[in-house]
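> Residues per chain are reported as follows:
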Amino acid sequence: MKGTNLGEFEELVLLTIAALMEEAYSVSICDEIEKVSGREVKLSVVHAVLNRLEKKGFVNSHLGEPTSERGGRRKRFFTVTHAGKVALTKIKEQRDQLWSVIPEFKLNFI
Amino acid sequence: MNNKSIQPPKWANRLLEWYCKPSLLEDLQGDLYEYFERDLKEKGKRRARINYTVNVLKFFKPYTIKKLEILDQLTQFIMFKNYFKTSLRSIARNKLFSAINVFGLAVSMSVCLLMISIYTEISDYDRFHQDVNNLYRINNFQQYMESEPNRFASTSLYLGKRMKEDVPGIGAITLLRRNAGGDATVGENTFPISAIYADEGFFDVLTFSLIRGNKSTALLEPNSIVITDETAEKLFKGLDPLDQVLKLGKEDFKVTGVVEKPPFNSHMKFQALVSMATHEKRMNEEYEDSNWLNFSSMWMYYIYFRPEQGAAISDIQARLDIICDEENEKMEHTTITTTIQPITNIMTGPSNISNQIGSSMGREVLLILAGLSFIVILSAAFNYTNLSIARSLRRSKEVGIRKVVGAKKGQVFNQFIVEACIISIGSLIISYFLFFLLKPLFLTVNPNIQEIVKLETNASQLVYFLLFALIVGLVAGFLPAMFLSKLKAITVLKTDSNTKLFSRITLRKSLLVVQFTLSLMFIIAASIANKQFKYAMNYDLGFTTENVLNVQLEGNDAADIEAIFKRIPEVQEISRTSHVLSVGSTYGTQMFSEDKLDSGTVYYSSIDHKYIPMMEHRLLAGSNFPEKSAVEKEESIILNETALKKYNLGTPDEAIGKIVEFDDQDLMIIGVVEDFNNQTILSKIEPFAFRHNLSDTYVLSLKLSSNDIIVTRDKIKAEWDAFDSVHEFNGSFYKDNIERAYQEFSTLTTIIGFLAFLTICIASLGLLGMGVYTAETRLKEISIRKVLGATEGSLVKLLSKSFMLLLLLAAAIALPITYFLFDAVILVNQAYRAPIGVLELSVGVVIIFAIGFVTIGSQTWKAAKANPAQTLRSE
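Read top to bottom, the protein sequences are chains A and B.
So that you can map any letter, position 5 of the first sequence is 5 in full-length UniProt numbering, and since no number is skipped, the others follow by simple counting.
So that you can map any letter, position 308 of the second sequence is 308 in full-length UniProt numbering, and since no number is skipped, the others follow by simple counting.
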């Protein structure tokens, strides 16, 4: 069902938004993900994900002040909503729970 | 820093703005800009622009695309009902203006409907042939020395045979020859039938369905004939015609097939097809030489063909050009070239093709008709535009309110377009009825028209009519709608009186001037055409045509007919001739000068010894032909002055007795006749000869002397009917023959006169509307002037002056244009013509001014007469 699950990339984007705090807008998100994960990220993909997250209610957006950059166009800043935070924590908890049951030696063989 | 000036591609931006949701657009575009600027620094201008474009395309995703504005469209749709209602109310409120608009549009649209139906019918011609776009005909160009080449639909049999043998890529080909007709007899039944010679390829090329008989063998053998089902019914009366014998002319033919009658929309019409082999056999028997098989014998034969699948027309043409070049080498003065004409182009193609096998309308005629009806409809559309803009003062408040309530510019625009379309569709309904009144009138303007078009209405035409009405609505409504939708709510609602704002005087005035210029041109054109017609009719041809009745012999023996006509006392004299002169048809042959060095075409007419005195041709020297019998050899000839000049035969007296080679025989000049117009007055007088060749006469000219020549004609007809029951009596007075020859003038006069009448009506209605409007809006001003002491006369002058100036301007434009058009373009090829006089030019001006004065004058007079107390009281 839509609205409950977070995909892998969605989670990454959502986390990045949380990490970037006030400075989270599409281009900076792209750059940050590229920096952290080292993988190349397309703006169009990120944009689509942001749109989806907003629809699911995990992020809010507002337009910033116009500047002389970007041809005078305003940026759209994203912030994580309460629902977003809940979803993130929930995932983290699930992961942690799974981590905790894995015996240590098994990992060594990977 | 100068990077700032480099911008992403404009069209990509525009594309983005077009498809992207407005809520997403701004920041998305910003993001793309940011990347663009980054790319600009790192990868350069070209790369950056490409990336930008790629990105714009990449973002074309379901979530970024604007939702189809269904809701918006729904509002539009709902609003239509409102537009409709407001329009109807506004139409109903301004009865006079609506009536002027609807009437003007209806009248002019009926003309256009006529044009549309003609056009659809003409372009439907020959479409019944299978794979019609792959069907062609050969046209010949014949050029004598350096003169203008003439184009002919006919070609030579020689070329047809060469095409069959030497030209690759021909899928199917048929050779035809015209004039195979004659009197067909079966038992007691005799009917004249029209027929063409056709060879065995006929049914492969053209789709005429053979009901009985074998397609490939029906036209193979000599003396085979294929008749149409209609002819079969007439001749055989229900018996099976196949393999029966019928007599055509003097020979017996075997009926080898029955073909369906050619449909009305076939350019080629026939009642029978005679096998080409018959013609070839006959020619071989009759002529020792084979001149008829020459490349230059190109007057009677036709080639229709279908190229093979995949064969290029240009290759075939190239091959034909080579054949022509080879043959032209052998000829001295003439050059013959060919061109390939698509069969669908025959009716709508160039109209200057001679020797047509059937009827042809011609592109020029269609274009002229289309142009004329366009002018008429334009005039009516101008009326609408003019009056609507003039009235826009009344509608401006409505527009203001609509805009305040939330209408967009486009919606206001739509509203007024809808209104115009309602008017135009209303006019269409009326014009459809007018169209039915107009149709029979048009069909009888010229007898030839009925042979070409039937003007039957069908469903697809109705669709065209409706489309046409919508287009007219759009065009007529465009300017007013544009103008009204641009109004700003605030200005319209704030200011109380804004007459100045809405007057658009220049536009309206120029539209009026155009209207009246066109009307004037029509009137002048009609009167010039009329004058030319009168001139041609009364032109002194150089001989008398009074009380002369020309009777076609229709294959009967001249002596027999002469004998029966002689019994009628009113018939004074009878003479024989080959054809009626001075009405356009010509016979020509080659004549060599005395020293045999110079040769050229001389037109001729074969006559008997009674013709010249009877027709009162003036002999300048020598004498008339002596009496002789039909079997005697031709020995003498009478030439005209032009022929003497061209062949350097000296003065008329000197020429007598000289021998010239004429049509391959040596003839002595025994007389010289004064020049007369042997063709029509459209062409110059050419060298002409009277021949004394009685076997070549097909017409009897009868000089009548009676008080009532019509009764005498009926008497003669009765005698004819008693003698020959097969052929209709075909006799007409010389005057009528001449009238028929210049029918184009009278047709032109009728059509243009009618259109002139329409455009004047429409333009005057427009003028009336403007007059009413001016008088209404200036009523207060007039009243105040009157109170202050202005006389009624001065007020009329004040109000009419500007309109009269417009008419004057229209006259100043129309007169020189029309004069030039006729003097230098239309009549330039006409050898003898009436000068364009002051009368023809001024008649139009007088009419226009009279009408203008009456319409404007009456309105201003009414306004000037109004009691100022009444108009000024209420404020």
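Just so you know, the hints here were simulated from the structure itself, not pulled from any lab data.
Keep in mind that a hint or two might mislead.
[What the hints assert, rightly or not] Ranges of calculated distance between the beta carbons of each label pair, as one might list FRET restraints:
hint, chain 1, residue 1, chain 2, residue 2, range
1, A, N51, B, S123, 36 to 42 angstroms
2, A, K42, B, R127, 42 to 48 angstroms
3, A, K42, B, K81, 24 to 30 angstroms
4, A, K42, B, L74, 35 to 41 angstroms
5, B, L74, A, R95, 32 to 38 angstroms
6, A, N60, B, K41, 53 to 59 angstroms
[As the list claims (entries may be wrong)] For the chain A half of the interface with chain B, some residues (derived, Cβ under 8 angstroms), not all of them:
hint, residue
7, S26
8, L63
9, G71
Computed from a predicted model, the values in this text were never measured in an experiment.
Note that CB positions come from ideal geometry on N, CA and C, so glycine has one too.
> For each hint, tell me whether it holds in the structure or not.
Now for the hints, and whether the structure bears them out:
Range check, N51 (chain A) to S123 (chain B): Cβ separation about 55 angstroms, and the 36 to 42 angstroms hint is violated. In this structure, K42 (chain A) and R127 (chain B) break the distance hint of 42 to 48 angstroms, their C-beta atoms being roughly 57 angstroms apart. With their beta carbons about 49 angstroms apart, K42 (chain A) and K81 (chain B) fall outside the hinted range of 24 to 30 angstroms. In this structure, K42 (chain A) and L74 (chain B) meet the distance hint of 35 to 41 angstroms, their C-beta atoms being roughly 38 angstroms apart.
Against the hinted window of 32 to 38 angstroms, the Cβ-Cβ separation of L74 (chain B) and R95 (chain A) comes to about 50 angstroms, which falls outside the hint. Restraint check, N60 (chain A) to K41 (chain B): a C-beta distance of roughly 32 angstroms breaks the suggested window 53 to 59 angstroms. Evaluation of the S26 (chain A) hint against chain B yields a held restraint, the C-beta minimum of about 5 angstroms falling below 8 angstroms. With a least beta-carbon distance of about 7 angstroms to chain B, the hint placing L63 (chain A) at the interface is held under the 8 angstroms criterion.
Hint status for G71 (chain A) relative to chain B: holds, with the closest Cβ pair at about 4 angstroms, below 8 angstroms.
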